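Build out the structure end to end from the sequences listed, making use of the hints.
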Amino acid sequence: MLDDDAVIAQSWQQPERFAVLFDRHAAYIHRYITRRAGPQAAEDLVAETFLTAFRKRRRYQHGYASARPWLYGIATHLVGQHYRDQARQHRLYQAAGPAPVSPDFSERADARVTATAIRPVLTEALAGLPPGDRDVLLLIAWEELSYEEVARALGIPLGTVRSRLYRARVRLRKALAPTGAAATYKEIVTNE
Amino acid sequence: MNELELLRDFGAQTPLPEPAELAGARDRVLAALTQEPGSTQGRGSARTWRFVRGGVTVAAAAAIAAAALVVTHVTASPPVLTARLTAEQILDRAAAAALEQPTVIPRPDQFVYHKTYDSGAIQQSWISVDGTRNGLIAENHGPREIVKGCAPGHRCTPVPDYYPSIPATRSGILAWLRQLRGIDIPDTPAGYGSAAADALDFVYLTSAQQHALYRFLAESRKFTAVPSIRDALGRPGVGVAWTIDDVRYTLIFDAKSYVYLGFSEGLPHSGAAIETVAIVDHVGDLPR
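Protein sequences, first through last, are from chains F and E.
So in our numbering, spot 1 of the first sequence is number 1, and the numbers just go up one at a time.
So in our numbering, spot 25 of the second sequence is number 25, and the numbers just go up one at a time.
Hints are computed from structural coordinates only; laboratory data are not their basis.
You may find that some hints are simply not true.
As the list claims (entries may be wrong) - To spell it out: a stretch of chain E is covered by chain F in this simulated footprint if at least three of its residues, at any positions, have a beta carbon under 8 Å from a beta carbon of chain F; those stretches are:
no., stretch
1, 10–20
2, 23–32
What the hints assert, rightly or not - Interface residues of chain F toward chain E, partial, derived using beta-carbon atoms under 10 Å:
no., residue
3, A19
4, I74
5, H82
6, D85
7, L158
8, R169
9, L172
What the hints assert, rightly or not - Far from chain E, by Cβ distances over 10 Å, these chain F residues were calculated:
no., residue
10, R59
11, Q61
12, R162
Since we're looking at a predicted model, the values are computed, not measured.
Heads up, the beta-carbon is just placed ideally off N, CA and C, and yes, glycines get one too.
Structure, rendered in structure tokens:
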């Protein structure tokens with residue numbers, strides 16, 4: 001079995017080899033996109049992630065056994081674009097009359113999970129973060145990427161990863177503190 | 001609980017998707033891949049790439065007539081209750097089982113026939129033993145693909161499907177695996193596992209060569225035992241596994257005979273299962 005590096009190189013001459021990457025990583029990219037954009041958008045964005053990766057494969061930076069951080073970077077970009085498109089649609093709807101059917105990030109997140117006292121606070125706090133800070137935070141917290149992998153995924157320096165993560169954590173902590181959200185959540189978990 | 005732990009707990013509530021949830025996206029991606037120049041158009045299975053060069057090995061049945069020597073016809077053994085084995089013990093048993101099989105040495109002018117099951121497609125291939133003759137890959141629902149051989153006197157290098165003299169020593173096997181892959185092999189479970197899977201999937205190994213490879217893998221002590229697993233045909237087996245990015249890759253062996261059944265790649269029903277391996281005289285010949 002070849003590692004991702006070799007598979008991508010092979011796909012230059014044999015495009016269908018790229019399907020190997022889909023089979024290896026699509027489940028994880030799908031879960032990441034579902035976490036960030038909801039299940040409705042997941043299929044389209046997963047497909048677009050791999051199609052984009054396929055088109056850019058000749059620019060793939062070789063030397064890494066796993067291409068997953070690279071794919072996370074592409075998915076992150078597409079999720080951001082997805083929200084920008086939704087915001088534009090939202091403005092158009094507002095100008096034209098009825099509100100869009102599509103809910104925003106926090107509403108969607110609310111709808112797809114069981115209600116807890118903390119979730120609305122957490123999702124609102126996440127939605128309030130600068131996009132770059134949020135990307136770093138979620139790639140580390142949810143996808144368990146290392147600092148180096150996040151730097152590679154987003155194409156940013158390692159120092160920027162550290163500073164964005166620090167900023168995001170401080171803002172999240174501040175947002176949660178007045179509500180005692182972390183403590184409440186702890187109590188819920190403890191009592192279950 | 002700090003804010004990162006809180007986030008992780010929320011994230012953990014979203015499970016990995018079932019394969020069916022990925023099917024739509026997979027179809028779209030594969031459709032785009034097959035539109036690219038260089039693609040083999042219209043293959044019935046998205047995963048036929050696994051056996052583009054040729055197939056797997058494993059000794060088992062007896063040689064039949066001169067026209068077609070069946071090397072392996074893998075049928076499922078009934079489930080057996082065995083004590084939980086370590087990966088080394090599984091590989092040792094596979095090595096011992098290999099030695100009990102008849103040795104079938106192919107002639108350079110013959111072809112290695114494989115019948116495999118991969119993602120719902122049955123694939124048959126006839127690959128030139130010494131790489132000098134044209135071979136063929138045929139799929140049940142797809143076109144036939146000619147595998148170009150490199151005849152003597154032409155400006156090309158034959159790619160054999162059988163290597164008569166693979167060194168039996170540990171360093172010799174490692175060097176051969178490195179040559180086969182064309183890249184260095186990291187001293188890691190994934191490095192050794194990937195190289196072994198390549199050897200099993202892309203070249204023909206005699207029973208003695210299989211024995212040497214399994215012993216090499218056992219002595220490396222790099223793998224994790226999988227006490228129960230089913231291959232792509234649903235046959236019960238045991239396995240030795242390694243992981244890359246949380247995806248588990250497994251070499252699967254029959255639970256009773258320890259004959260190599262195939263390869264599993266993380267997701268359910270992914271991977272390839274071997275049904276038959278044989279040595280035949282001509283492209284299109286079938287083992288009897």
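These are the hints, each one checked on the structure:
Coverage of the stretch 10–20 of chain E by chain F holds [criterion: at least 3 residues with CB-CB distance below 8 Å; count 7]. Here the stretch 23–32 of chain E counts 7 residues with a CB under 8 Å from a CB of chain F, which clears the bar of 3, and the coverage holds. For F:A19, the suggested interface contact is upheld, since its CB lies about 5 Å from the closest CB of chain E, less than 10 Å. The interface hint given for F:I74 is violated, since its Cβ lies 13 Å from the closest Cβ of chain E, which is over the 10 Å cut-off.
Restraint check, F:H82 versus chain E: the minimum CB separation of about 15 Å is more than 10 Å; hint violated. For F:D85, the interface hint is violated, since its Cβ never comes within 10 Å of a Cβ in chain E; the closest pair sits about 19 Å apart. Hint on F:L158 is violated. Least Cβ distance to chain E is approximately 18 Å, over the 10 Å limit. Taking 10 Å as the C-beta contact cut-off toward chain E, the hint placing F:R169 at the interface holds, the least distance being around 6 Å.
At about 4 Å, the closest approach between the beta carbon of F:L172 and any beta carbon in chain E falls short of 10 Å, and the interface hint on this residue holds. Residue placement check: F:R59 keeps its beta carbon more than 10 Å from all beta carbons of chain E (closest about 16 Å). With 10 Å as the threshold on Cβ separation, the claim that F:Q61 sits away from chain E holds: the shortest Cβ distance comes to roughly 17 Å. Consistency note on F:R162: stated as away from chain E, and its beta-carbon is indeed over 10 Å from all of that chain's, at 14 Å minimum.
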